[in-house]
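Residue numbers (numbering that gives the first Met the number 0), protein chains in the order written: chain A, 0 to 165; chain B, 0 to 105.
The hints are simulated quantities; they were obtained by calculation from the structure and are not laboratory data.
Here the structure is a predicted model, which means the values were calculated and not measured.
Check the hints yourself; a few may be wrong.
Said to hold, decoys possible - Calculated pairs, DSSO-like style, for lysine-lysine (alpha carbon to alpha carbon, straight line, at most 27 Å):
id : chain 1 : residue 1 : chain 2 : residue 2
1  : B       : Lys38     : B       : Lys99
2  : B       : Lys38     : B       : Lys20
3  : B       : Lys47     : A       : Lys48
4  : A       : Lys63     : B       : Lys99
5  : B       : Lys99     : B       : Lys47
6  : B       : Lys47     : A       : Lys134
Below are the chains, spelled out letter by letter.
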Amino acid sequence: MERTRPKTHLLRATRREFLRAVGRVAGGIGLISVVTVRPTSATPDTMNKAIRGVIGEAPVRTGKITLDVPALVENGNAIPLSVSVDSPMTEAAYVRRVHVFNEKNPQPYVATFHFSPRSGRAKVSTRIRLADSQKLVAIAELSDGSFWSDSVDVVVTLAACLEEPR
Amino acid sequence: MARALVNVPTRAKRGQVIEIKALISHPMETGYRPDINGKPYPRDIINKFICTYNSTEVFRADLHPAISANPFLSFFTVATESGTLTLTWTDDGGQLYVEKANIIVE
Numbered sequence: 000m001e002r003t004r005p006k007t008h009l010l011r012a013t014r015r016e017f018l019r020a021v022g023r024v025a026g027g028i029g030l031i032s033v034v035t036v037r038p039t040s041a042t043p044d045t046m047n048k049a050i051r052g053v054i055g056e057a058p059v060r061t062g063k064i065t066l067d068v069p070a071l072v073e074n075g076n077a078i079p080l081s082v083s084v085d086s087p088m089t090e091a092a093y094v095r096r097v098h099v100f101n102e103k104n105p106q107p108y109v110a111t112f113h114f115s116p117r118s119g120r121a122k123v124s125t126r127i128r129l130a131d132s133q134k135l136v137a138i139a140e141l142s143d144g145s146f147w148s149d150s151v152d153v154v155v156t157l158a159a160c161l162e163e164p165r
Numbered sequence: 000m001a002r003a004l005v006n007v008p009t010r011a012k013r014g015q016v017i018e019i020k021a022l023i024s025h026p027m028e029t030g031y032r033p034d035i036n037g038k039p040y041p042r043d044i045i046n047k048f049i050c051t052y053n054s055t056e057v058f059r060a061d062l063h064p065a066i067s068a069n070p071f072l073s074f075f076t077v078a079t080e081s082g083t084l085t086l087t088w089t090d091d092g093g094q095l096y097v098e099k100a101n102i103i104v105e
């Protein structure tokens, strides 16, 4: 049942092959502009490396932690960010740390928050900068040694780091 | 001298979870922003924040250039006893900014 079509000829290609080729061209254009405009940006790969550098090789599951960032922001210089973890925060079970990472800022790190049973509630809010529309990842490290994560895609219309010199 | 605003409830019930809000004026220069000659301004950020409650650490944050200028933090702690909350910010130059707030627990 295998269809035999010449794969190189776009006009006679299947819809899937055509879309794949278009995607490849668009991806190539995107890649070039990223490389020329922002050579120091962290990439998803460096974010993953940074995450592994901080938490080691431990498995990370999704759940328990909620990363709250607006999906569309106008000003990349001050984006409200709030992280909360579902935890009783007792001596027996509490959140040790929460790490926040980004994909495309010059550095993949955003912040690390340290909690203890005395924190009472594993929730923190702050304001961050984002240089581009990108994905944010928050990872919680619990007292039992398990890691939980949540991620949010943020669209930024006015990027940070591009303001006029003073 | 940086100006800081700290919001801590003055009174709380024992065991109550209270919210603490802290804002400090600081440029948080990332080290990536170019000046008129294209040379970046040197990095100068607050890289550490610690909150202690009667000298027991209850919350700490390691901050990076991705934190906005005039960093704002809101977090929680358990009101265990009357005393003083000390909030300390440390910047890249090693300069400390300290704010204290008293709380009465009944």
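Structure-based check of each hint:
| no. | hint | in the structure |
| --- | --- | --- |
| 1 | B:Lys38 <-> B:Lys99 | 38 Å, violated |
| 2 | B:Lys38 <-> B:Lys20 | 35 Å, violated |
| 3 | B:Lys47 <-> A:Lys48 | 23 Å, holds |
| 4 | A:Lys63 <-> B:Lys99 | 33 Å, violated |
| 5 | B:Lys99 <-> B:Lys47 | 17 Å, holds |
| 6 | B:Lys47 <-> A:Lys134 | 24 Å, holds |
Comparing the model with each earlier hint shows violations of hints 1, 2, 4; every other hint is respected.
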